[in-house]
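These are the residues of each chain, in order.
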Amino acid sequence: MSQEYAIEFKHVSKIYTLKTKNKEQSNKRFYALKDINFQIPKGEVVGILGTNGSGKSTMSVILAGISEVDEGEMIVNGEQALIAINTGLNQQLTGLENIELKGALLGLTKKRVKEITEGVIEFAEIGDFLYQPVKKYSSGMKSRLGFSINLCLDPDILIVDEALSVGDKGFAQKCINKMKELKEQGKTIVFISHSLPQVRDFCDTALWIEGGMLKEYGEVNKVCDNYAQYVDYYNALDNAGKKKERDGKFEKRVIKGKVKKSFFDRIFR
Amino acid sequence: MLKSIKYVLHENFTNLFRIYSISKYELLGDMRDSKLGLFWNFAHPFIQVLTYWFAFGLVFNKKDVTMYNTTVPYIFWMLGGMVVWFLISPCITNGCNAVFSKINVITKMKFPVSILPATVVLKELFNHLCLMIILLVIFLFGGYHPTLHWLELFYYLICAIIFSVSLSMTTSVLNMLARDTRKLVLALMRLLLYLTPILWSMDQLSHAPKFIIFIMKANPIYYIVQGYRDCFFYHKGLIFYSNSMIAFWAITLVLFVFGSCMMYKFKHKFIDLI
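Just so you know, the sequences run in chain order F and Z. Residue 216 in the numbering used here sits at position 216 of the first sequence, with consecutive numbering throughout. Residue 65 in the numbering used here sits at position 65 of the second sequence, with consecutive numbering throughout.
Chain F with its partners taken away, still in its complex shape (with noise of 0.2 Å):
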């Protein structure tokens, strides 16, 4: 049954420790996931919602393998990567260099390289500017050269946090249109983003974590217009209801009473 699943949380939490401000009391620690449950099946494109702060970007860690979780259990079925724009780009080296080096980064071998290249130099429209150096590109460009990189990996399951957020709307267009087109080869695609019109767009179910919790899971169009309802009952909430609003859901995440360890423990555990 499991292997019809590319994606299982059981129970799953991340937890992180909080600084006090009084050194005599110990550290709190604090959920940034608390206790997620649910399963993508394949193929399937979600949408992941959440307001700021609420663990989107540290779900999205997890989801890639990056990152542990503390308790709980993550299954997944397949190879997955996160796309991750402008990483790995070095300023100095030009277009070119750069599409070898990033390739690389990403554990492609040199064939793979040389066949990607084309497509990426096709899909990123830097043209004449393949051979200067990356600092002189735009933002908007450079997102373009370092998304098109990430898209020729070829990965079960892809995540993709925010990453259509930079460049401009033509772009964020081909982008989709290419997901789409990855998504017919029966990929899972895991799309983190705060444009509602894109996920109404883009996906089939959609996933609403608030306060490190998970709010709600299923048909896209329900999901985000709970999301929408909520984030309009937040917005028109005065200053002192979002401060009550916000305290009552960090009280929820923080543990208490917990014992500090040392850094000899950290090492030898």
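To be clear, the hints were calculated from the coordinates, so they are not data collected in a lab. No experiment lies behind these values; they were computed from the predicted model shown. Positions of the beta carbon are idealized from the N, C-alpha and C atoms, including for glycine. Some hints could be false.
If you want a taste of the chain Z side facing chain F, the calculated C-beta under 7 Å gives, among others [claimed, not checked]:
#1 18
#2 29
#3 64
#4 108
#5 109
#6 268
Position chain Z relative to chain F; hints supplied.
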């Protein structure tokens, strides 16, 4: 323990192209930074050599060094050891920062962290090659011609590489846990240059207590430095230094095992240690 060693070795050997590309483009990036580019890779060590020659050859007017019945002018004797110090020293200081300097990459993509020490060492290896070319020219002018014994240099070079990678493996993880590691290492490097018989010969220490000499000879860097000099001047062969050899490989092995275990343990935790 075995699992972590296997993991680190496997990760390093399956990612050879990645290691090569990272070091190549880092070197290229550094070169592009300046107008003269590659020139500095030669000029920098050359000027350093010139400094030491001025200070110790001219100002202090050091005497020729006699060891194993071979007398070598001080400047050549010093260069023979200094050349490998110029490889190991940046390897250790930069190796310490290997993981930390790539923080933006390892937090953003799935990345085999344990290859990072090797990339640093490979990068320094290129600079070492440049320095070796300069050294060869100087030695030819000084009347030291390459012999078959120079082939042993490759063995000592590999020793230096393995030692640097093993040490960097340990220090780079410790540096992630506490950034103090790098500061400590930087401070200790200056000490290490004078603790290792690079600028002075072991004979000058003969009045010291036995155990100090013993500790000095167990210094892994001393083994490599002495090995380089052996290739250039003494031609005693590998077996002659068997005691130092055992000490060297024992220390290197311990460092490597410890480093691998740390790497394995923290491979997914680096993102939380920033």
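Results for each hint:
Taken as an interface hint, residue 18 of chain Z checks out: its beta carbon lies about 5 Å from the nearest beta carbon of chain F, inside 7 Å. Interface restraint check: residue 29 of chain Z against chain F, minimum CB-CB distance 4 Å, threshold 7 Å, status holds. Interface restraint check: residue 64 of chain Z against chain F, minimum CB-CB distance 46 Å, threshold 7 Å, status violated. A cut of 7 Å between beta carbons decides the hint on residue 108 of chain Z: the least distance to chain F is about 4 Å, and the hint holds.
Contact between residue 109 of chain Z and chain F, as hinted, is supported at the beta carbon level, the nearest pair being about 5 Å apart and thus within 7 Å. About 4 Å separates the beta-carbon of residue 268 of chain Z from the nearest beta-carbon of chain F, less than 7 Å, and the hint is met.
This entry does not satisfy hint 3, going by the numbered hints stated previously; all others are met.
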